[in-house]
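So the sequences go chain by chain: A and B. Numbering-wise (full-length UniProt numbering), the first sequence opens with residue 1 and increments by one. Numbering-wise (full-length UniProt numbering), the second sequence opens with residue 1 and increments by one.
Treat each hint with caution, since some may be false.
Said to hold, decoys possible - Once the Cα atoms are required to be at most 20 Å apart in a straight line, the calculated SDA-like pairs of lysine to any residue come out as:
id, chain 1, residue 1, chain 2, residue 2
1, B, 293, A, 156
2, B, 259, A, 184
3, B, 293, A, 1
4, B, 220, B, 156
5, B, 293, A, 161
6, A, 207, A, 241
7, B, 293, A, 159
Unchecked claim - Covered stretches of chain B (chain A as the covering partner; in silico rule of three or more C-beta atoms under 8 Å from a C-beta of chain A):
id, segment
8, 34 to 42
9, 92 to 100
10, 154 to 161
11, 235 to 243
12, 252 to 262
If you're looking for bench data, these hints aren't it; they were derived computationally from the structure. Ideal placement from N, C-alpha and C gives every residue a C-beta, glycine not left out.
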Amino acid sequence: MTHSSIKLSKTDDVIFSENIFDLSLEQQDMITNELSSDTVTSMLERCPQYEKFYSSFGNLREGVSHCPKIPTTTFKLADIKSSDCGVIEKWCLSSGTSGLQSRIPRNRLTLDRLLGSVRSSLQLLREWHEHELKIIHLGPDNESAGDVWFPFVMGLTELLYPTASVMDSSGAIHLSTAIEEINDALATTNLHVGIIGPPFAFLQLCKFAHQNNIVIKGLDRITTVTGGGWKRLSGDMIPQVQFREMICHYLGLNSVSQVRDAFNQVELNTLIIECEHHRKHVPPWLYVQTLSPSDLQPLGDNQLGLLGYIDSSCDSYPGIIISDDIGIVSRGRCDCGRYGVFMEIVRRVERGFQGGCALALDRPRVTEGEIRFV
Amino acid sequence: MFSQSDFEELHSQTTDGRSLACWISRATAKEAKGVIIVASAFGRCMHHNSSIASYLINNGYDVVRYDSINHVGMSYGEMMNFTMGDALLSANHAVDLAKALFPARTLGFFSTSITSRIAFALAAQRDDIDFLITLSGVVNLQKTLARVFGEDYCALQLHDVPHQVIFEGLSVGAKNFYQDMMSGNWLSLESTRDTIMQLKSPMTCFASSDDDWVEISEVKRIFSELDSRSLSLIELEGCGHDLGENPAMARMVMRDMVKRCYEYCGFKGALIREPSYNMLLKTALQERRIQRKTISAEVTKSTIDYSITK
């Protein structure tokens, strides 16, 4: 008999392991510190653009909390990738709400890890087998989503579960079809029903049900997951608590714990999802912190600031970023019983401030098509 | 370039008149290096093997996939009547079909989990299977079933066995399954070792070190007892039973599997051509849509029966 073995990297061992959210806080911290530190070292070696950016800061205090992070707006103006990441399988685009679209290069490993992240985050909902769940997607199917990031990520659920996508390629959501699919699944099967989509689509669905006196009795058989934000419809935005209650009412749900939100952005390769107590649990391969908007110095837990990340699941580009979101990071034991790190998005930075943020960095000078660092 | 979403669906009658559904994907004839039969794992259907099929097609192999009869999928019958005997009959029929469609080709058989226990028996019975590749292959069926269901039904008397058990949301008729396993001598580690001893073809076995359902120590034990040069064991470190949950490891296994196929077919060292991510995704989605449409009625019936488990 011949005997050999195949082994994955430390990062993959974590991303593809089971029950990652059941680890103790100490175990999670240890993993996060090790992987994020390795990621920074690796990207300094493999991404000349990041290495230049990093070097331009001169002497830095040690530790991942102080390492320079790339403003996400930079990805709108330059293609940034690791030099030895192999074939780029997909250039992923942001929705372009504010005009320009971010372009993120993803190789196979990065895309595989994204799917691992989706699977892990589903552990915070409930683990359904393929034959136990039907998904109604208030967004486009994979073909219509193209390279636009959030619809693409949402569309990946079709790999796992039977999915009906009710948005056509023109962007129209067929609400009556959605209602039919939901009520049909509830009436003729014992399947659980998952409804996923952007919050504005849920708002339209609820309005449609209200205007047409449609009754849906989801009871404990529907779980909803919103994601992707309000985009250009931010004027319609409803505070989270009211939004959950609205969905609960119109879908006839037993509990608001069945209404969850997920967070992701095109520059981030990890999906972050709420537990039943509406706290977003951060998996340990993702380091998240808040930074002072005025000088980008790291802030402590529970302090409001710009959210910064080191995403160790990114292989083909440096997922070492400062986002345009203001939020809070905390840690400890959640009411759901799991230990870990939690993040809360409070709001987007205002446009004027967004520019200010990039200026505050005063490091990258960006010209169209490439990034230059001085 | 091969079109990976193209397959021909065949419904072929088994010797006892039941319909076996197969998806036939053809490599271009002049380049075909062999034909590989890809058996669906227990509780899985042909579409779950879309990536494996794509890797093989892309590297010059014809591929025959099938769903066992009395199993979830497109073939005759349903899981309530599943037996190992029917699974073996299905595998035999798939080989006969592949031999008829692709005569004179080197023929390999790929199987996963419990279906590998079937594949061991199949390759021990026949001398026209040129090589075997197994993934997470079950070697101690009684122990695996006890871990899957949380209770060792095989240790019970027939009258104590429930009418049905639930596997990943699917109802499986337990009494038929039990009787067939007892009469077919499928259960023990020793029976698997004895079967593998009769293999006439070389075999590569991918086994995961952290598999909750198959103890790798038992796999190593029977392989070391056999001490055959035609057996290769590849240990997947830190991996669990279902590679579908670990696409990074699955990709490495598929590359290695193609390499093994090349070696068995006399193409050692040939370049491995990876299908693109977009192609794999497109194919996977298309095949899922086709098969889910077909099986939705069966699954609906199955899940509604859930309340009468005992």
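Evaluation of the provided hints:
no.	hint	verdict
1	293/B / 156/A	18 Å, holds
2	259/B / 184/A	47 Å, violated
3	293/B / 1/A	44 Å, violated
4	220/B / 156/B	29 Å, violated
5	293/B / 161/A	12 Å, holds
6	207/A / 241/A	17 Å, holds
7	293/B / 159/A	14 Å, holds
8	34 to 42	violated (count 0)
9	92 to 100	violated (count 0)
10	154 to 161	violated (count 0)
11	235 to 243	holds (count 6)
12	252 to 262	holds (count 3)
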